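Top to bottom, those sequences are chains S and A. Heads up, the first sequence is in the numbering used here, so the first residue is 1 and it goes up one at a time. Heads up, the second sequence is in the numbering used here, so the first residue is 1001 and it goes up one at a time.
These are computed hints drawn from the structure, not numbers from a lab. These numbers come from a predicted model, not from an experiment. Each residue gets a CB set at the ideal place from its N, CA and C atoms; glycine is no exception. Among the clues, some could well be false.
Here are the simulated DMTMM-like cross-link-like pairs (lysine to aspartate or glutamate), alpha carbons at most 25 Å apart as the crow flies [said to hold, decoys possible]:
{"no.": "1", "chain 1": "A", "residue 1": "Lys1043", "chain 2": "A", "residue 2": "Glu1083"}
{"no.": "2", "chain 1": "S", "residue 1": "Lys2", "chain 2": "A", "residue 2": "Asp1123"}
{"no.": "3", "chain 1": "A", "residue 1": "Lys1002", "chain 2": "S", "residue 2": "Glu87"}
{"no.": "4", "chain 1": "S", "residue 1": "Lys2", "chain 2": "A", "residue 2": "Glu1047"}
{"no.": "5", "chain 1": "A", "residue 1": "Lys1002", "chain 2": "S", "residue 2": "Glu90"}
Covered, in the sense of this in silico footprint (three residues per stretch, anywhere, with C-beta under 8 Å from a C-beta of chain A), are these stretches of chain S [as the list claims (entries may be wrong)]:
{"no.": "6", "stretch": "84-91"}
{"no.": "7", "stretch": "130-138"}
Here chain S is said to cover these stretches of chain A; the calculated rule only asks that three of the stretch's residues, wherever they fall, bring their Cβ under 8 Å from a Cβ of chain S [unchecked claim]:
{"no.": "8", "stretch": "1055-1061"}
{"no.": "9", "stretch": "1088-1101"}
Protein chains: 2
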Amino acid sequence: MKLTSYSNYALRTLQMAALRHPRLTTVAMVANAHRLSNSHITKIVHELGQAGFLETVRGRGGGFRLARPAGDITVGEVLRLTEGPIEVVECFNPTTNTCPLFGVCRLSGAINRATRAFFEVLDRVTIADISANRDALLGRLALHLPDLAPSAEGAGDGHAPRPEGGEG
Amino acid sequence: MKLTSYSNYALRTLQMAALRHPRLTTVAMVANAHRLSNSHITKIVHELGQAGFLETVRGRGGGFRLARPAGDITVGEVLRLTEGPIEVVECFNPTTNTCPLFGVCRLSGAINRATRAFFEVLDRVTIADISANRDALLGRLALHLPDLAPSAEGAGDGHAPRPEGGEG
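Chain S with its partners taken away, still in its complex shape (with noise of 0.2 Å):
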């Protein structure tokens, strides 16, 4: 039973817009902090723009933040955008089934009503929640990309070369 990587990795894009809220995000900041590649973090951030969860600044200096409160974002929402339709076991697919089951077992019940335990407890839990020690993550994250240390927080602009800009 695993999440995809693709919706591990927009909880991390929400988590760092969280993170550096209201200042901007820029997708390499994501990438370069997480070693993931700027064109899955640009396909992330397009999603969950479409989806309302994130708003865009265009051009230089541009980049994301978070277009909803962190607190009213929950992760059990997030998922249910990323992972596309639950599918835990075939049947949960009529369409794609081969299971001759289908109909009448009592599997499928059982699994849906753990699925639906599973999103329970993520549709109590927010953005908020998985970014308030924030300064031990801005530490973590700063490892892979200096510019995220929490000592640079508030700092402004210009004392540093920053390989994005957006700060502001």
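Starting from the known structure of chain S, fit chain A onto it as the hints suggest.
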């Protein structure tokens, strides 16, 4: 979020063993009824045997049956065996984790609690529960393997060619 096919087929194997209990079930019965490969089911039966869920009878007319009462084997317990270490997100495995937030991120704790909630539901569902509507299940399984039809249950040997034997 998805269970492995291995887990899915392991549960179907135990379900069929419960439906036929105390008579023996064969690898070919499970494979034919579900249109899966014999080698896939052979591997599953071997692991379920090693773990004490199934007992096997070797030789001509052999097969396997549940080694414990169906009402004592929970779906959660089977999944813990067949899913191996549960790594819903990569940081559940410290040796392969690449996330720089390991140890300070509260997302992993939340997903851990959600995963526990998932298993708590399935720890209350037994193989007997998912095999209770026996006639409906056997009717469906018989679509690909007429020997399994409920009407043939208890009819004894010798009335029709049986590809696997194992009745008795």
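Exercise. Take the C-alpha atoms of Lys2 (chain S) and Asp1123 (chain A), compute the straight-line distance between them, and say whether it is at most 25 Å.
Key: Roughly 19 Å between the alpha carbons, so the hint for Lys2 (chain S) and Asp1123 (chain A) holds.
Practice problem: Tell me if chain A covers the stretch 84-91 of chain S under the three-residue, 8 Å CB rule, please? | Solution: holds (count 5)
Quiz item: Do the alpha carbons of Lys1002 (chain A) and Glu90 (chain S) lie within 25 Å of each other, as the hint requires?
Solution: With a Cα-Cα distance of about 9 Å, the restraint between Lys1002 (chain A) and Glu90 (chain S) holds, given a limit of 25 Å.
Self-check item: Distance restraint between Lys1043 (chain A) and Glu1083 (chain A), which requires alpha-carbon spacing of 25 Å or less
Solution: holds (14 Å)
Exercise. Assess, step by step, whether the Cα of Lys1002 (chain A) is no farther than 25 Å from the Cα of Glu87 (chain S), and give holds or violated.
Key: Measuring from Cα to Cα gives roughly 6 Å; hence the hint holds.
Quiz item: Okay, the stretch 1055-1061 of chain A and chain S, do three or more residues pass the C-beta test at under 8 Å?
Solution: It is violated, with 0 qualifying residues against the three required.
Quiz item: Taking only the CA atoms, is the gap from Lys2 (chain S) to Glu1047 (chain A) under or equal to 25 Å?
Solution: holds (22 Å)
Exercise. Three residues minimum, CB to CB under 8 Å: does the stretch 1088-1101 of chain A make the cut for coverage by chain S? Let me know.
Key: holds (count 7)
Quiz item: the stretch 130-138 of chain S covered by chain A? Criterion: 3 or more residues, Cβ-Cβ distance below 8 Å.
Solution: n = 5 at 8 Å, threshold three: holds.
Violated hint: 8 only; the structure is consistent with all others.
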